[in-house]
Amino acid sequence: MGADRPGDADMPPDDHPDRRNDRDGTGDQAARRDNDPAETRTRQEYYSQLRVTVSREQSAVARQTTAEERAAAEKWHETTAESRWIWTEYQRKWPPAERPVVDRSKDPPGSWRVDTNRVLGVADNSRVDAECDRIAKREEEKISPALRAIESQDPDRRLVGFEHRLKGHDRIKEKIYDRIKLLNDSPEEAVSHVSDTIRYTFQYRESRYTQGVWSDIERLKGEGFELHKLKNYWSDDQYRGINSAWIEPDSGQRLEVQFHTRISYEAKQLTHTAYERTRGKQADAFEELVLEAFQKKVAADVPVPPGAADIPDYRKEA
Amino acid sequence: MADEITYYAIVDDLSSREQPAGVLRRIYLEAGGRRDEAFSQDLVWERTAMLVSAERGDLDNEFIEITEDEANQIVERIRARVTGASST
Numbered sequence: 006m007g008a009d010r011p012g013d014a015d016m017p018p019d020d021h022p023d024r025r026n027d028r029d030g031t032g033d034q035a036a037r038r039d040n041d042p043a044e045t046r047t048r049q050e051y052y053s054q055l056r057v058t059v060s061r062e063q064s065a066v067a068r069q070t071t072a073e074e075r076a077a078a079e080k081w082h083e084t085t086a087e088s089r090w091i092w093t094e095y096q097r098k099w100p101p102a103e104r105p106v107v108d109r110s111k112d113p114p115g116s117w118r119v120d121t122n123r124v125l126g127v128a129d130n131s132r133v134d135a136e137c138d139r140i141a142k143r144e145e146e147k148i149s150p151a152l153r154a155i156e157s158q159d160p161d162r163r164l165v166g167f168e169h170r171l172k173g174h175d176r177i178k179e180k181i182y183d184r185i186k187l188l189n190d191s192p193e194e195a196v197s198h199v200s201d202t203i204r205y206t207f208q209y210r211e212s213r214y215t216q217g218v219w220s221d222i223e224r225l226k227g228e229g230f231e232l233h234k235l236k237n238y239w240s241d242d243q244y245r246g247i248n249s250a251w252i253e254p255d256s257g258q259r260l261e262v263q264f265h266t267r268i269s270y271e272a273k274q275l276t277h278t279a280y281e282r283t284r285g286k287q288a289d290a291f292e293e294l295v296l297e298a299f300q301k302k303v304a305a306d307v308p309v310p311p312g313a314a315d316i317p318d319y320r321k322e323a
Numbered sequence: 032m033a034d035e036i037t038y039y040a041i042v043d044d045l046s047s048r049e050q051p052a053g054v055l056r057r058i059y060l061e062a063g064g065r066r067d068e069a070f071s072q073d074l075v076w077e078r079t080a081m082l083v084s085a086e087r088g089d090l091d092n093e094f095i096e097i098t099e100d101e102a103n104q105i106v107e108r109i110r111a112r113v114t115g116a117s118s119t
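Respectively, the protein sequence lines represent chains U and X. Quick note: the first sequence uses our numbering, first residue 6, plus one each step. Quick note: the second sequence uses our numbering, first residue 32, plus one each step.
Bear in mind the hints are in silico, worked out from the structure with no lab data behind them. A few of these clues could be false.
[As the list claims (entries may be wrong)] Label-pair ranges, simulated between beta-carbon atoms:
| id | chain 1 | residue 1 | chain 2 | residue 2 | range |
| --- | --- | --- | --- | --- | --- |
| 1 | U | Lys80 | X | Glu107 | 47 to 55 Å |
| 2 | U | Asp108 | X | Val75 | 43 to 51 Å |
| 3 | U | Gly257 | X | Gln72 | 40 to 48 Å |
| 4 | U | Gln158 | X | Asp73 | 47 to 55 Å |
| 5 | U | Ser256 | X | Val113 | 26 to 34 Å |
| 6 | X | Asp34 | U | Thr71 | 48 to 56 Å |
| 7 | X | Glu61 | U | Lys98 | 39 to 47 Å |
| 8 | X | Ile36 | U | Thr71 | 48 to 56 Å |
| 9 | U | Glu146 | X | Glu61 | 53 to 61 Å |
| 10 | U | Val127 | X | Val113 | 20 to 28 Å |
[Said to hold, decoys possible] Looking from chain U toward chain X, a few residues come up when the C-beta cut is under 10 Å (computed):
| id | residue |
| --- | --- |
| 11 | Lys186 |
| 12 | Glu223 |
| 13 | Tyr238 |
| 14 | Tyr244 |
| 15 | Glu261 |
We put the CB at the ideal spot given by N, CA and C, even for glycine.
Sequences and hints are given; from them, build the entire structure.
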């Protein structure tokens, strides 16, 4: 049960038996007088002093939280400097400019190719592009306005990376190629299965993270979105945060919502190129080991917000 | 020492461990490093980054560790579907 704070609807009324306004010695109050120290304050005095006490306690907690967050930020600042140096050294050993360029000179116009093997023919590529256009329309007309409305309900956290909410066509097509080739999907099925063609990221302070995530999950549900999947990566070794997949029920459109702290979001950005390089399947075994070690080092430096690791995974049954 | 291999059933929204959408193997190379491959509709093992993506927060698929026998059964099921042969 929470503290009785000033302004609470359940603040005891003046005629409550615990009130020291009952000074005429009648009732239970008189029976307790011999055992308890007498309350000599008026209701106004009592609540005025309570207000001061609560305010002091809250200030102390806030100071401590701020100090902890400041310490974490300073440590992160130091470790990112080291991580950036490691990444610079990596790039000296494996310069991006020396990587082979994909030869598209013999591909028919309208087809798509990301590397030697992964190709979409003209017809499949056209179907995928058309579906991406439909997704962009749903995002603009309905989904982003709803997310902005949710964002406006709490000034203590915000959407970050909003300009990147639509996934690039090339990355969508890489995923679609895998689904067609490895999972026997049609191009349309493949697009509909990609959970992050539209993606949003909420960023919280460490001290508000866990409660903030729970609140925003409820707000998303309140806007009509259906939670499809939620995965907690706070205990993982390469990536820190929570990712969730949702469905907008009218269109069936999938979207992803990520929940990060400032530091976990920066860690994600810092390691993104390493992840892309690993995903590109062009690195040799040694380079892949270095890339993985780099991602693990950065992730290990990300502080886990209180209670974050306890938010459970969720998967809606088919 | 020979390469070590771990097998995974690929499970998406419309599939299950019993009826997975595909199969992936992670090969820990004797020489160091590792290599991920999935059994494709071309009936060959192809390199893939699907599991790497999942480890990095991608939610499209779940990867459930399975035995080599279970992996072989999935391979045969894919082979049967692609070639039109019956799978026993």
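Would you pick out the hints that fail for this structure and give their numbers low to high?
Going through the list in order, the structure violates hints 2, 3, 7 and 12 and respects the others.
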